[in-house]
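So the sequences go chain by chain: U and Y. For what it's worth, this note's numbering labels the leading residue of the first sequence as 1, then goes sequentially. For what it's worth, this note's numbering labels the leading residue of the second sequence as 1001, then goes sequentially.
A couple of the hints might just be wrong.
[As the list claims (entries may be wrong)] Across the chosen pairs, the derived CB separations fall in these ranges:
(1) Y:Gly1040 - U:Asn53: 28 to 38 angstroms
(2) Y:Ser1018 - U:Asp1: 28 to 38 angstroms
(3) U:Gln103 - Y:Asp1063: 44 to 54 angstroms
(4) U:Ser41 - Y:Gln1017: 45 to 55 angstroms
(5) U:Met59 - Y:Ser1027: 34 to 44 angstroms
(6) U:Glu66 - Y:Ala1020: 44 to 54 angstroms
[Claimed, not checked] Which chain U residues stay away from chain Y? Per the calculated CB distances, all over 12 angstroms, these:
(7) Glu14
(8) Arg16
(9) Thr83
Hint data in this document are derived by calculation from the structure and do not stem from the laboratory. Think of the CB as a built atom: it goes at the ideal place given N, C-alpha and C, for glycine as much as any other residue.
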Amino acid sequence: DAKTTQPPSMDCAEGRAANLPCNHSTISGNEYVYWYRQIHSQGPQYIIHGLKNNETNEMASLIITEDRKSSTLILPHATLRDTAVYYCIDHGSSNTGKLIFGQGTTLQVKP
Amino acid sequence: EAGVAQSPRYKIIEKRQSVAFWCNPISGHATLYWYQQILGQGPKLLIQFQNNGVVDDSQLPKDRFSAERLKGVDSTLKIQPAKLEDSAVYLCASSQLAGGGTDTQYFGPGTRLTVL
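Chain U extracted, bound-state conformation (with noise of 0.2 angstroms):
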C-alpha cells in the first residue's frame, strides 16, 4: 500500500501556482519524494524529486518541510495541460525500483 496521503481533488485558475501537498510521515532517511503525474490516457511522467532541500526544474519546485514529513509540488503558472493526476511517492535506494502508487490527486485547471 502507498504510504503517502494526498487530496483527492484540486481545482487551480489557469496562469496561476497550483500547489499540490503531499503527507509522507513515515518516510524513512533514505528515501526521496517523488512526483509523476498521469495526464488523460497516457502513461505516468517525471515530474521532480527532493531528498531534504528544495529542488526545481523546468516543470516544478517541490518544498519539503525540515522534519521531511510533507512536501508541496508548485506548477508556478499552470495551464490546461497541467489538468492530470498528480502522484507523490516516497521511493528509496534500497527497495528494487518498483513505484507504489496510490490514489494521487486530480488537479483541474480551469480557465
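Once you have looked at the hints, place chain Y on chain U.
Then chain Y, alone, in the frame of chain U:
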C-alpha cells in the same frame, strides 16, 4: 530519443481468451517494469526485469499471467485465460540503471484491455 513503445494500444477480448502485449523500452535501459492500472486507481507493479532476469514478480497472478524479456530488450506480457477483472490499462516502463533503486522510470502510453 524515442520513448517506450507499446502495442497494441487497445484490445477487446472475451473472457477465457488469451492476449499478449508487447513493450519496447528506451534503448539501453536495463530495467523494465510492467504495471497494471485498474480504472480509478494508481498503477500497481506486476513484474520487474533487470536485463533479462526477473527481480520482482510477487504481485503477478502466475496462474494466468506470464511475462518474458528475451535478450534483455523487448518484453511481452501474456494473460491466459483472461477474466473480467483483468480489464485495465497495462503500462510498461523502463529505467536506465540495473538494480532499479531511485532511478527515474519512463512510461509507455499503455495498452487498454477490455474483457467482455
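Going through the hints against the structure:
1. For the pair Gly1040 (chain Y) and Asn53 (chain U), the beta carbons lie near 34 angstroms from each other, so the given range of 28 to 38 angstroms is met.
2. As the Cβ distance of Ser1018 (chain Y) to Asp1 (chain U) is approximately 31 angstroms, the hint placing it in 28 to 38 angstroms holds.
3. Between Gln103 (chain U) and Asp1063 (chain Y) the C-beta distance comes to about 28 angstroms, which lies outside the given range of 44 to 54 angstroms.
4. In this structure, Ser41 (chain U) and Gln1017 (chain Y) break the distance hint of 45 to 55 angstroms, their C-beta atoms being roughly 24 angstroms apart.
5. The beta-carbon spacing between Met59 (chain U) and Ser1027 (chain Y), approximately 24 angstroms, falls outside the hinted interval of 34 to 44 angstroms.
6. For Glu66 (chain U) and Ala1020 (chain Y), the hinted distance range of 44 to 54 angstroms is satisfied, since their beta carbons lie about 49 angstroms from each other.
7. Non-interface status of Glu14 (chain U) relative to chain Y is upheld: no Cβ of that chain comes within 12 angstroms, the nearest being about 26 angstroms off.
8. With 12 angstroms as the threshold on Cβ separation, the claim that Arg16 (chain U) sits away from chain Y holds: the shortest Cβ distance comes to roughly 26 angstroms.
9. With a least beta-carbon separation of about 17 angstroms from chain Y, Thr83 (chain U) lies farther than 12 angstroms from that chain, consistent with its non-interface assignment.
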